[in-house]
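Trainee: With the hints as your guide, set chain B onto chain A.
Line by line, the protein sequences are chains A and B. First residue of the first sequence? That's 1 in our numbering, and the numbers climb one at a time after it. First residue of the second sequence? That's 1 in our numbering, and the numbers climb one at a time after it.
Do not rely on the hints blindly, as some may be mistaken.
It does not matter which identical chain is meant; a pair holds if it fits inside one copy or across any two.
Stated by the list, open to error - EDC-like, lysine to aspartate or glutamate: derived pairs with alpha carbons at most 16 Å apart:
#1 K197 / E177
#2 K103 / E181
#3 K30 / E65
#4 K103 / E180
#5 K253 / E201
#6 K16 / E48
The set of hints was computed from the structure by calculation and includes no laboratory data.
Next come the chains, spelled out residue by residue.
Protein chains: 2
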Amino acid sequence: MEIITAKNSGLCYGVKRALQMAKVTRRQKKGEVFTFGDLIHNPQVINELKKQGIQSIDGIEQIKEGTVIIRSHGVSPEIYAILNKKKLDIVDATCPIVKRIQKLVAALAKKENEVIIVGNREHPEIKGLIGYSRGKGIIIENETQAKSLPSRKRRAVLAQSTQDLFLFTRAVAALIEKTEELQVYNTICQSTQTRQKSTSELASCVDVLFIIGGRKSSNTQKLFQISKRILPNTHFIESAEQITPALVKGAKKIGLSGGASTPPEAIEEAVAKIKSSYKHNFLSEKRA
Amino acid sequence: MEIITAKNSGLCYGVKRALQMAKVTRRQKKGEVFTFGDLIHNPQVINELKKQGIQSIDGIEQIKEGTVIIRSHGVSPEIYAILNKKKLDIVDATCPIVKRIQKLVAALAKKENEVIIVGNREHPEIKGLIGYSRGKGIIIENETQAKSLPSRKRRAVLAQSTQDLFLFTRAVAALIEKTEELQVYNTICQSTQTRQKSTSELASCVDVLFIIGGRKSSNTQKLFQISKRILPNTHFIESAEQITPALVKGAKKIGLSGGASTPPEAIEEAVAKIKSSYKHNFLSEKRA
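The following block holds chain A by itself, in its conformation from the complex:
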């Protein structure tokens, strides 16, 4: 039996950076420190931050003073305006890649009549991005929604930074039928593309694959979909405890992959859980 972990599994640059900025902020700032939404889709890490005095809040209505950390997903210009009006201290941990997409949406909104954003309507990154589109933005979640759009002479399309590349290309293919001149911006970040690619490669060569991460994590859900398309024997787990002997029974090769907000400990725990269940016939462990 062999355990293989996909390349680029776990915390991406943007999330690591936000966590680091939160810790530095806590050390440097007096008064209360908040994060606007969970900094990472992992309850243990959120609890740890809370213990350190970094509180996750869902709304900014109730805050009167203190420091607000904007997480890697970024926020819309309206949120900045509210925070500024309240004279709150802002620490902007928006992922630099997301920041670049926000600027792209703003620039496209100036010259195009329609800017299509392929992403999850409820995802914070998308809620932020749409705010830069001056009402020109249209969110679509899949190919079917792309097909229902009217024909246009010209439009632009871009993606959530953690979008599933396959889903994005399918949506673009549907738009080509409806658009004479389509500006396609592949804004899926390199880290996401590598992670998706290595996960799909892994899915095609193992007997069972575990996707480890928070249920709320959009990019982890996408990894799950990608792997499931190739390997029906794929399981989405939030923690190592969910790995039962029944799930790995008879498997010679076991794959592991985690999303951009999956901390390394979660992957290590999963490896340990599999090893402990198979002490006697455990052969090797490697990273893809």
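Mentor: Quick look at chain B alone, frame taken from chain A:
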């Protein structure tokens, strides 16, 4: 038994227009009249034109005087230059849609470093188009060739006017992975898109489908591929004689479709051939 002919089967606007222009030219011009390449991929029509005094030639080297008709596919600027140098009379029957694509290639070549043309390398339209690209054009024929291209920050892509839309979108999908900013121009003409769509719809509701047209006709070959993907029982025939009772045995619904250079007579002959083979149980004939 029912015979259904796909919508938009047969001669497209560009080919009809070129045929018309050739006939008018023959009436108006003294001296010899040539067409640079076959005006239409149909031996009977070519013979008919020859009888009328319109000769199809493959090269322009041997011509010293007379009128040269440029067919609907268009030609490169180099060919115009040679014809002008020889002081030959030019009648330009380039399809207005192809003319627009030639202008687009020329305009893109001025501002982009790379212009990808998705088409058949040996097709006269593509040989013409590439001539407008100032060396910036790259012809690709399929998704595999798109995948072998290097990554670029920016590039443009467009299609042969009679390209298979599915093949084009697949090639674009491959390019998205390799291009941050991709300008996609859907230059497949409306007539081609309608013909492909109606043929694929027909393929999904008949028992056997005959694609009628010249073997050399690129757009007819594409119709064949499109139908074959949906209905393996698809046959590419050049003339009605090839329809044998064995091919339609047991079929309740028989579909017919023809390319942009398939004359209406060819389709009528096919209908007649099927009818005559099934005199006794023939029920209905309609156009989709």
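Trainee: Now look at each hint and say whether the structure bears it out.
Mentor: Status of each hint after checking the structure:
no.: 1; hint: K197 / E177; result: between (27 Å within a copy, 11 Å between copies)
no.: 2; hint: K103 / E181; result: between (22 Å within a copy, 15 Å between copies)
no.: 3; hint: K30 / E65; result: within (11 Å within a copy, 92 Å between copies)
no.: 4; hint: K103 / E180; result: between (25 Å within a copy, 15 Å between copies)
no.: 5; hint: K253 / E201; result: within (13 Å within a copy, 44 Å between copies)
no.: 6; hint: K16 / E48; result: within (15 Å within a copy, 75 Å between copies)
In summary, the structure agrees with every hint in the numbered list given earlier.
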